[in-house]
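Respectively, the protein sequence lines represent chains R and C. First residue of the first sequence? That's 48 in the working numbering, and the numbers climb one at a time after it. First residue of the second sequence? That's 143 in the working numbering, and the numbers climb one at a time after it.
Don't take every hint at face value.
Taking beta-carbon pairs under 10 Å as the criterion, some of the chain C residues facing chain R (in silico) [what the hints assert, rightly or not]:
no.: 1; residue: R145
no.: 2; residue: V149
no.: 3; residue: W156
no.: 4; residue: A159
no.: 5; residue: R192
no.: 6; residue: R239
no.: 7; residue: H280
no.: 8; residue: M287
no.: 9; residue: R297
no.: 10; residue: P405
no.: 11; residue: S423
no.: 12; residue: R424
no.: 13; residue: P425
no.: 14; residue: R441
Chain R regions said to be covered by chain C (calculated; three or more residues, Cβ under 8 Å) [claimed, not checked]:
no.: 15; region: 94-105
no.: 16; region: 122-128
no.: 17; region: 139-149
no.: 18; region: 152-165
Which chain R residues stay away from chain C? Per the calculated CB distances, all over 12 Å, these [what the hints assert, rightly or not]:
no.: 19; residue: A133
no.: 20; residue: E136
no.: 21; residue: T197
no.: 22; residue: E203
None of these hints come from the bench; they were simulated from the model. From the three backbone atoms N, C-alpha and C, an ideal C-beta is built for every residue, glycine too.
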Amino acid sequence: MSDLVIETTGLRKEFQTRRGRRLAVQGLDLAVPAGGVHGFLGPNGSGKTTTIRMLLGLARATAGSMRLFGQPVPAMLPSVVDRVGAVVESPKFSPNLTGRQNLLLLARSIGVPATRVDASVETVGLTGRDGDRFKSYSLGMKQRLAIAATLLKDPELLILDEPTNGLDPAGIREIRDTIRDLGANGVTVLLSSHILAEVEQVCTSATIIGNGRLLASGRVADLIGAGTTYRLVVPEPDAAKGVLADAGFTVTADGTALTVDSKRPSTEITRALAGAGIWLSELTPVRADLETVFLELTADDTLGREGER
Amino acid sequence: MTRLLRVELTRLRWRRAVLLLVALAVLIPTVIFGATVWNTRPVSAGDLERAQQLVEQETQSPGLQRELQRCVAHPRQYGLDPSQDARTVCEDMMLPRLEWFTQRPVLDLVSERENTGVAVAVVLTMLLLLIGTTFVGHDWNSGSMSNQLLFEPRRAKVWAAKAVVVLLTGVLVAGLVLIAYWTGLWWVAERRGLELADGAVSDAYRQAFRAALLAGFAGLGGYAVTMLFRSTVATLGVLFALAIAGPLLLTILGFPGHLRFMPQNNFAAVLLERTSMTDYSRPECVEIGPTMPESCVVRLTTRDGAGYFGGLLLLAGVPSLLSFRRRDVP
Numbered sequence: 048m049s050d051l052v053i054e055t056t057g058l059r060k061e062f063q064t065r066r067g068r069r070l071a072v073q074g075l076d077l078a079v080p081a082g083g084v085h086g087f088l089g090p091n092g093s094g095k096t097t098t099i100r101m102l103l104g105l106a107r108a109t110a111g112s113m114r115l116f117g118q119p120v121p122a123m124l125p126s127v128v129d130r131v132g133a134v135v136e137s138p139k140f141s142p143n144l145t146g147r148q149n150l151l152l153l154a155r156s157i158g159v160p161a162t163r164v165d166a167s168v169e170t171v172g173l174t175g176r177d178g179d180r181f182k183s184y185s186l187g188m189k190q191r192l193a194i195a196a197t198l199l200k201d202p203e204l205l206i207l208d209e210p211t212n213g214l215d216p217a218g219i220r221e222i223r224d225t226i227r228d229l230g231a232n233g234v235t236v237l238l239s240s241h242i243l244a245e246v247e248q249v250c251t252s253a254t255i256i257g258n259g260r261l262l263a264s265g266r267v268a269d270l271i272g273a274g275t276t277y278r279l280v281v282p283e284p285d286a287a288k289g290v291l292a293d294a295g296f297t298v299t300a301d302g303t304a305l306t307v308d309s310k311r312p313s314t315e316i317t318r319a320l321a322g323a324g325i326w327l328s329e330l331t332p333v334r335a336d337l338e339t340v341f342l343e344l345t346a347d348d349t350l351g352r353e354g355e356r
Numbered sequence: 143m144t145r146l147l148r149v150e151l152t153r154l155r156w157r158r159a160v161l162l163l164v165a166l167a168v169l170i171p172t173v174i175f176g177a178t179v180w181n182t183r184p185v186s187a188g189d190l191e192r193a194q195q196l197v198e199q200e201t202q203s204p205g206l207q208r209e210l211q212r213c214v215a216h217p218r219q220y221g222l223d224p225s226q227d228a229r230t231v232c233e234d235m236m237l238p239r240l241e242w243f244t245q246r247p248v249l250d251l252v253s254e255r256e257n258t259g260v261a262v263a264v265v266l267t268m269l270l271l272l273i274g275t276t277f278v279g280h281d282w283n284s285g286s287m288s289n290q291l292l293f294e295p296r297r298a299k300v301w302a303a304k305a306v307v308v309l310l311t312g313v314l315v316a317g318l319v320l321i322a323y324w325t326g327l328w329w330v331a332e333r334r335g336l337e338l339a340d341g342a343v344s345d346a347y348r349q350a351f352r353a354a355l356l357a358g359f360a361g362l363g364g365y366a367v368t369m370l371f372r373s374t375v376a377t378l379g380v381l382f383a384l385a386i387a388g389p390l391l392l393t394i395l396g397f398p399g400h401l402r403f404m405p406q407n408n409f410a411a412v413l414l415e416r417t418s419m420t421d422y423s424r425p426e427c428v429e430i431g432p433t434m435p436e437s438c439v440v441r442l443t444t445r446d447g448a449g450y451f452g453g454l455l456l457l458a459g460v461p462s463l464l465s466f467r468r469r470d471v472p
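Next up, chain R with everything else stripped away, as it sits in the complex (with noise of 0.2 Å):
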């Protein structure tokens, strides 16, 4: 038995357009981990939506296989549909019915009581106000209730698809507090976004797609590879250099610093360079982002752009 959440071999879709084929995911393995937040990161028309409606069941793969929990979708998905929470792409409900009355025929056509509704809306906090026709809600309130409908089922695993999108600031704010709250509770969410840094600052893990394809996936860390670049200041660079190339290091001279490539903790420059007698005057660790690292891998990529053929 796997203990991956999501996994998808050679996924592949393809949409017949006007056009003639247009390809959105071609042969995209996506492995997801149980617990944490894991970030699906990839710019726009990468794929991502197309990627997550095929496993909830809403679009058909044109190949590959998914597998939620372990078992094969779309055939097994009303097995383990209850495990899973949605929000795709926008917040799709009935406008001129209230919140909560959408919230309870969710509630129903799953068997959940009202009183699962009531913790739902206040675990969102839209107490008040759910009353009110979802039609009268801001975009952050109506992405509230798409994550409270989610809720309604006490999901293992939640999908949801660029969550901050039209969000002012506080609503992002809190909706990123709600998801890494999840995520610490033991619900496994799979952040489907474009915005780098919310995935940087929410997720513990990552896959990038570009054009329908994987490109990296890992923990954030990992990826964007934090702590292994040093800027060293020295009154003496060149000896500094050679010491340091001496233990190991990758050293570069950058004028009069120096750039130290390693995966070693910083205590080991700092240890060498004084066992030689050179003190440093600076030792900045340089951190890539996940901009970088995501500009990096898809710059083969026309962003946005879907393979078409």
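The hints should help you fit chain C onto chain R, whose structure is shown.
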């Protein structure tokens, strides 16, 4: 499935457009009922008194009196036989009579079946068709269909639950309205002491049953077409084509047996058990009389009409279900 049926029933009840259409389904037949009862009301003593006054008023009018004098003086000019008593025949011809002002149709369940009974059935069928259409059109329009499928991904089950709710609601609403309508007319006829033809009441209820089924299946048809096209507007376009443009085209093109495919003819056949019409589009059928061939008359039975509408329902329902199961949901 029971849970899903209850959810869909609640969804239907909570939809304002549906409530409005149900209200119209009650209101319009009520208005038709009221008009029928009013138009067939018996002549009261007050009516007679007013009529008598009108007769006297008309009789005394100078214009009529002048005309009467002229008639008496020159009966031949008025096409009357001069050998008869001119005053008598002229008065007989020209003076107003009481019955001219008191003539009203008598409430007759048999004739109402072919008149207002059909009108009520048509109204209910149209309204319930719209209920079926708007119920699910709203789901597609708002995008909430995908949200529903995130909670119940078995699409055939979702399709069936919605279909059952639309069908049952249609049959129930139309059935109740029609039973109330015919019971009301029966009650009025009884109160007026009218003698009803043999089987008039049972025939009326049988027609109500058939009309309720027609309305229910019309709702189901509207639902199926909307599930196929995913748009209320597209459904209304298709129904317009079926009801108006299609028959018009068949007539213009001289399609043989086109009367057989007219929705209104089949509707009448189901409702009235049988109907007949003359095909005037054929040259040999233009002259009405004993020389007109028997083949000019197209006769349709309930079975023909049921087959026609059943075929249309299958044409809409099967692709609708298959496409809902297979196509991506936005």
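Against the structure, the hints:
no.: 1; hint: R145; result: holds, 6 Å
no.: 2; hint: V149; result: holds, 5 Å
no.: 3; hint: W156; result: holds, 6 Å
no.: 4; hint: A159; result: holds, 9 Å
no.: 5; hint: R192; result: violated, 51 Å
no.: 6; hint: R239; result: violated, 60 Å
no.: 7; hint: H280; result: holds, 7 Å
no.: 8; hint: M287; result: holds, 8 Å
no.: 9; hint: R297; result: holds, 8 Å
no.: 10; hint: P405; result: violated, 32 Å
no.: 11; hint: S423; result: violated, 41 Å
no.: 12; hint: R424; result: violated, 45 Å
no.: 13; hint: P425; result: violated, 47 Å
no.: 14; hint: R441; result: violated, 48 Å
no.: 15; hint: 94-105; result: holds (count 4)
no.: 16; hint: 122-128; result: holds (count 3)
no.: 17; hint: 139-149; result: holds (count 8)
no.: 18; hint: 152-165; result: holds (count 6)
no.: 19; hint: A133; result: violated, 5 Å
no.: 20; hint: E136; result: violated, 8 Å
no.: 21; hint: T197; result: violated, 8 Å
no.: 22; hint: E203; result: holds, 15 Å
The structure fails hints 5, 6, 10, 11, 12, 13, 14, 19, 20 and 21 (numbered hints given earlier, in ascending order).
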